[in-house]
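Engineer: Read off the chains here:
Number of protein chains: 2
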Amino acid sequence: MTSGEIQAGFRTVQDQISNFLSDQDGVGYSEDCWDYAKGTGGGITRVWERASLIEKGGVNFSAIQGASLPASAATQFELPEGTPFLATGVSLVIHPWNPHIPTIHMNVRYFEAGDIWWFGGGVDLTPYYPDRKQVIAFHKGVRGVCEESGEEYPMHKQACDEYFFLKHRDEMRGIGGIFFDHLNTDKAKNLDFCLRLGRAFPELYRPCIEAGRDRAFTPEQREFQLYRRGRYVEFNLVYDRGTLFGLQSQGRTESILMSLPAEAHWKYDWHPKPGTPEAELAEVYLKPCDWANL
Amino acid sequence: MTSGEIQAGFRTVQDQISNFLSDQDGVGYSEDCWDYAKGTGGGITRVWERASLIEKGGVNFSAIQGASLPASAATQFELPEGTPFLATGVSLVIHPWNPHIPTIHMNVRYFEAGDIWWFGGGVDLTPYYPDRKQVIAFHKGVRGVCEESGEEYPMHKQACDEYFFLKHRDEMRGIGGIFFDHLNTDKAKNLDFCLRLGRAFPELYRPCIEAGRDRAFTPEQREFQLYRRGRYVEFNLVYDRGTLFGLQSQGRTESILMSLPAEAHWKYDWHPKPGTPEAELAEVYLKPCDWANL
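One line per chain: the protein sequences are A and B, in this order.
Take the first sequence: its letters are residues 22 to 315, numbered as in our numbering.
Take the second sequence: its letters are residues 22 to 315, numbered as in our numbering.
Don't read these hints as lab results, they were simulated from the structure.
The hints are all genuine.
To spell it out: a stretch of chain A is covered by chain B in this simulated footprint if at least three of its residues, at any positions, have a beta carbon under 8 Å from a beta carbon of chain B; those stretches are:
{"#": "1", "segment": "70–83"}
{"#": "2", "segment": "249–256"}
{"#": "3", "segment": "266–275"}
{"#": "4", "segment": "281–291"}
Examples of chain A residues lying across from chain B (beta carbon under 10 Å, computed):
{"#": "5", "residue": "Ser51"}
{"#": "6", "residue": "Asp53"}
{"#": "7", "residue": "Thr66"}
{"#": "8", "residue": "Lys188"}
{"#": "9", "residue": "His189"}
{"#": "10", "residue": "Arg190"}
{"#": "11", "residue": "Asp191"}
{"#": "12", "residue": "Val259"}
{"#": "13", "residue": "Leu278"}
The C-beta atom is built at its ideal place from N, Cα and C for all residues, glycine as well.
With the sequences and hints as input, model every part of the structure.
Structural biologist: So, in structure tokens, the structure goes:
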């Protein structure tokens, strides 16, 4: 299997997901094609901004080759500094307007460096006003994709809980999902897992959109959403390996930071009132929990 | 000279600056005293939030002792891992409502680790709609403080241009000022420099407040300010050593992230129209320039 075939598979994932999102929104994406200035290759960035359903979001495809793999990408394999690399993937973050619809992130990626190749990726949900049944259904759906692919859901689920964790806040970014990296057991099988995950996106996210899109929300709920989006910014800029990889490899800044919300608020030492849904978010939902078995 | 005397000097700096800012605002600060959970000591955080002049800002004092100096603090001295440390300092960031008043940051700090001690600090301005004369006057004022203290302005000015640089945006955070670290030539002289810098704060910032506070601004100018505040967030979370030190030393998160604005906006691949003041900001002002000699 060539990296060209993998890229073609990822392009299909981008098309499937961006067509689904355009259908849901009613407004189509804007598309930018770009070249990787520091090497060869480039990408296709598709964005929605102040659209109907989506306040800000995008689905990125990229396939780049560079002279020297950045440190953020080579944490497991002892690759010598300055190893040439190939990286291709699809990455998406969708921030809907309505606080009753969670923000979603999905990523599938493939690397080659020296004689080594590996896949990575995952999907996770960041609700503002979580619905317990929806959270359980999301995790069951993700588990289903893992099982169809012969992948161990519990391992990837735990990796997600550990990865999307804001140490300085002592809380998870959202309610988790799965996260995997350095997957290199069988190239065809690993790719198949990534493509299945991509194809599963509509069935994973559609219930969240349908349940939330017509729900009214108060200015206070909108404000809480914007406050929580500050945490999303904190995670992506302080911890996220993909963001760090992008910035370190001098990728296209606007495509990398497409993941940031349109608007984020910070308030000094603010805490929600005990007993409110806003307090319940961190107390109940932003901690590791075996949702799929509830 | 003991670290207690240095702490006392820094407390005075905090008082002088927070009293000045309360006078300017008309609204007094809120104060929180806190203990350092991971060692001994603690701090005093003073904040303004949705006040009259200040949208969000704070003046922090802290004096902490910990078991192991974080990597972000020991870039110059080859200190063994796990060296106990003492750190004390004052750090402030002020984000006024009015886009015609720049955001300002100042910091003075003192470290002891093993047998080594050093001072660090600086002051820098981040305007949204810069006034050329004001930028020149600010740099001349900062140069004056350096000269009174027998410190080399050009060296500290250049360090500031290099430090407050967003590599992924290829632009400076603001119009610079001075930045110094690992200053350990003469303890009394170095402390005196830090205290002079603190005392100079009112004269450095007052002209900016007075020129901007009664100027009307349009919703478009406010929007540009909020967009630019996104860059402030990017710098502080991706690059700032003080923020990194705070988070790595498991300091008090709310005091560390007090530097973030109340509100920040991101827009995909947005660029100001050529020839506008918004375009002039990055083209003219966010590049190194020897303002004090213009």
